[in-house]
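Make a model of the complete structure from these sequences and hints.
In terms of UniProt numbering, the first sequence has 71 at position 71, counting the first letter as 1, and numbering is strictly consecutive.
To be clear, the hints were calculated from the coordinates, so they are not data collected in a lab. As the structure is a computational prediction, the values presented were derived from the model and not from experiment. One or more of the hints may lead you astray.
Unchecked claim - Quick list of the computed label-pair ranges, beta carbon to beta carbon:
1) Pro38 to Ala182: 25 to 31 Å
2) Lys73 to Ala123: 31 to 37 Å
3) Phe205 to Trp242: 15 to 21 Å
4) Glu24 to Ala178: 31 to 37 Å
5) Tyr120 to Lys49: 35 to 41 Å
6) Pro114 to Ala46: 37 to 43 Å
7) Met138 to Arg79: 17 to 23 Å
8) Asp175 to Lys49: 27 to 33 Å
Just so it is clear, CB atoms sit at the ideal spot from N, CA and C, and this is done for glycine as well.
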Amino acid sequence: MRIATFNVNGVNGRLPVLLRWLEETRPDVVCLQELKAPQEKFPEDAIAKAGYGTIWHGQKSWNGVAILARGGKPLETRRGLPDGLADDQSRYIEAAVNGLVIGCLYLPNGNPAPGPKFDYKLAWFARLHAYAAQLLEMGVPAVLAGDYNVMPTELDVYKPERWLTDALFRPEVRDAYAALVAQGWTDSLRQLHPGERLYTFWDYFRNAYARDAGLRIDHLLLSPSLAPALKAAEVDRHVRGWEKASDHAPTWIELAD
DNA sequence: ATGCCTAATCGCATTAGA
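Structure representation (structure tokens):
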């Protein structure tokens, strides 16, 4: 079973790229972030024609998350983090697919830091931490996939010293990610590629992709019961080189049945 | 210290991304 995460940076502007990639790789489950489309403007029919059923949580202009399942429709289990706190940003959606809980998240960017956006990022991270702990307590097989907007370690940044004060790399944020993983989650990509420089994002600026000036910020975390099933974890980095590409590349894992 | 590039919304320049 192949599960992918892809920050599309505009699901309508990116539709040809998304469909081309779906056709090429045929993942079983796909988590999308940054739809940048209101609920009624999600391209459900075009994606259905490609063979995928979808649930999504849209928002005008910004954010937005979706889960696609090949040959079916994901059974939605949550929309927004389940702590009852008011949050007008569409950043979390969750479904049951093939006996797994799939959480699709778009963690806030948080720049500029310090400031209210950075505070919101840390608060959102704390809410995710609390809910992730609940998932582990329930003992369900779960994948938390998405754009975490965190480079976990220096190995995940092309030039760490340049990013020390950035909201994606500040110590508080790296600590929050480490604390989340320490609950018992497995960082799939790092698990299978220890010590390797792997990026999932390349800025549009300064010819970053050609220079391989990238960041690893899209992650797939596995609950303990799923960790032994991890067979592969890769980045479809060639997709970043396509015409009209997103600044993120699709990232995926393969789990044994 | 700032803009670079790109999308969305707008209807031309601004906001946000990371």
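Unsatisfied constraints (hint numbers, rising): 1 and 8
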